[in-house]
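Please arrange chain B with the ligands on chain A, whose structure you already have, making use of the hints.
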Amino acid sequence: MSGGRVTAPTTDHKPARAHRAAFILKKALLSAFVALVLFSLMIGIRTEAGPTGQLIYWTRFSELASLVGAVFIGSIIVELMRQWLGPAPTANLIPPPVQNGLALAGRLIAPALLIFTLLVPVIFYQQRYILDLAILVLTYVMLGWGLNVVVGLAGLLDLGYVAFYAVGAYSYALLATTFGLSFWICLPLAGILASLWGVMLGFPVLRLRGDYLAIVTLAFGEIIRLVIVNWQSLTGGPNGISGIPRPTLFGIPLTPADDGLAARLGIEFDPTHRIVFLFYVILALALITNWVTIRLRRLPIGRAWEALREDEVACRALGINTTTTKLTAFATGALFGGFAGAFFATRQGFISPESFTFQESALVLAIVVLGGMGSQLGVALAALALIGGFELFRGLEQYRMLVFGIAMVLLMIWRPRGLIGHRAPTVYLKRAEAISSDLVKEGHG
Amino acid sequence: MSDTDSILTVDRLSMRFGGIVAVNELSFDAGRRRITALIGPNGAGKTTVFNCITGFYKPTGGTMRLAHDNGREIALERLNDFRISKQAKVARTFQNIRLFPGMTALENLMVAQHNALMLASGFTFLGLFGAPSWRAAERRAIERATFWLKRVGLIDRADDAAGNLAYGDQRRLEIARAMCTEPALLCLDEPAAGLNARESAALSELLLSIRADHGTSILLIEHDMSVVMEISDHVVVMDYGVKIAEGAPQTVRDDPRVIAAYLGADEQEAIAVMESDA
Ligand SMILES: Nc1ncnc2c1ncn2[C@@H]1O[C@H](COP(=O)(O)OP(=O)(O)OP(=O)(O)O)[C@@H](O)[C@H]1O
Ligand SMILES: [Mg+2]
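One line per chain: the protein sequences are A and B, in this order. Residue numbers for the first sequence follow the working numbering, beginning at 40 and rising by one. Residue numbers for the second sequence follow the working numbering, beginning at 25 and rising by one.
Same shape as in the complex, but just chain A (with noise of 0.2 Å):
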């Protein structure tokens, strides 16, 4: 009876080299074997129309070859790296005091990472380009700490996060242009409106779980966008919605007119201190997100989000209402979401259905995934890493999504839990031990 113990994988040493050996040659087959079926029709025949309209038909064998002799060998390559780089051998490779090295580099990222954010429009102020992407950064932030809440707490698979956004974005876009509200009016009401919508997600898909919950989210964030393509009336349909008001200081606008902020203070004008302090609002949104986020967790609603994703059947047996306490979770991280998509309306000046994507959710759950699910640390890093990484690769044009995939695997087989894969644990008997153990957890689910 060992049935519950959890016991370090044992690795036998002379029969485990040959019958490895094999392992990987039949991984390797089987993988050569399923592309071999995929692309015989992909890219073994080529099919166009003809002049007359007929179908016009030709083989193209060697590629297909060569493509089915890459990916067994890449299978084996892989295979190969996940048993050198394999997670689970690195907790006891690593010398204690490097480990402990680790340790207090980790507990330093942070805030140095937050001190670098705060001077980067002093850094950067010349560079237009660096402060739109760290913008753009830090609304991928924040936008992964708020699905982070339903996904990496809450365990709950949300594929339609962008629908949040969108009715952020929209609420603020149309009080503030039908009704002129400031954006400071808008966003709370645009954050409620979302949660709002996060309550309605939630309520068909209580019963749901897993990939079913992922299929619903998606078809519902699909549905917020084609009601927003085909409300013309309201939202200006695939046109989208144009000179959105851009947010002021206390009412004090960033114009070069006199009554402007520029005027006021007797400096000369500059449309980069429009850029500043948007740089500055998105970056106390995200922080705000991630405070709320890290104090919900350590009170009893945050610790249920994180028991439900552990055992819904146990967190039920212990008396935790769990229609509520999900869908407090789709509301929270919607409300974030809100907040994110009114500050996306109003940087942009302009918002269309485009923007709000299938890609966008699939974007910002990567994100959190390659976090690691729940670390809001894992998460800002990868964001940065993505979102950074999709510029730096602009040049390479088509290759870009190709080095993109590439990248995510490696990540993925050589972290499998995330860039930071282990859990805080939220209240602590004492505090000093567990520290240093926690390098060494492995995965649960």
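Calculated directly from the structure, the hints in this document are not laboratory data. One or more of the hints may lead you astray.
To be verified - Reference listing, derived: stretches of chain A covered by chain B, where coverage requires no fewer than 3 residues with Cβ under 8 Å from a Cβ of chain B:
1) 327–340
2) 356–362
3) 453–466
Ideal Cβ placement from N, Cα and C applies to all residues, glycine included.
Frame of chain A; chain B with the ligands shown alone:
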């Protein structure tokens, strides 16, 4: 057993799954501040009875009445799952341990106090801003968790992930977690399964002291006859969904129907029943 000193009265409880009748018109009482054991061969329907009592299944027939110390009576078949723990104060453990494996032992016990803590945190709003009343409530919750961790001998593992604990430790942690909900009735599904003799003895002691010190009534499913014979006040024997015997442990042990049921099911268990001496 007279009606007045029963905490739980199960009356003609039935549970059907399609064609299978897992529990058939089962009636029994669980005494207040008593340990009642529910035994029977594999597949007898014991876990199904638990799932009905704790609201995971809606019984297809019968009633289950829970009578609290203050005279309040609750019809369990009308409440759904989480309300049974919250309002009726019935806690349970699972045959396959269901801890929150990625959370620490201490966190597991904090989650168990969710409803009380939720109130204390002003449904999150007071807690978000660290109101003093919330902090005090959280401290008390940690104290209670610490008490139970000490009680089950896991205080040194408080900050370790529950999933990393040894099997026997996980079993005890699950009991501690159930006790943190301050139950009137504690339902334990095979708590001694997979424990060695020493751990089983410690478990018996723990259950006896839970009953003595906390006034908790216990309903116990157990295959380990040494535990059943040692600690239970009353034993209900089930086979194929019906009650085949009940009474004091010694009486039940000598009952030919019980021996026959166990012989039919599993010789080893039958021998265990006959050989165990309380
Ligand atoms: N959800 C379900 N759906 C269909 N049949 C079920 C379900 N739950 C239990 N059963 C059936 O009910 C019968 C009783 O099962 P139960 O788990 O209650 O037995 P048990 O007495 O707890 O056995 P064990 O000692 O092995 O735990 C079995 O035949 C089982 O197959
Ligand atoms: Mg059972």
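The hints, checked one at a time:
no., hint, verdict
1, 327–340, "holds (count 6)"
2, 356–362, "holds (count 6)"
3, 453–466, "holds (count 4)"
Checked against the numbered hints above, the structure violates none of them.
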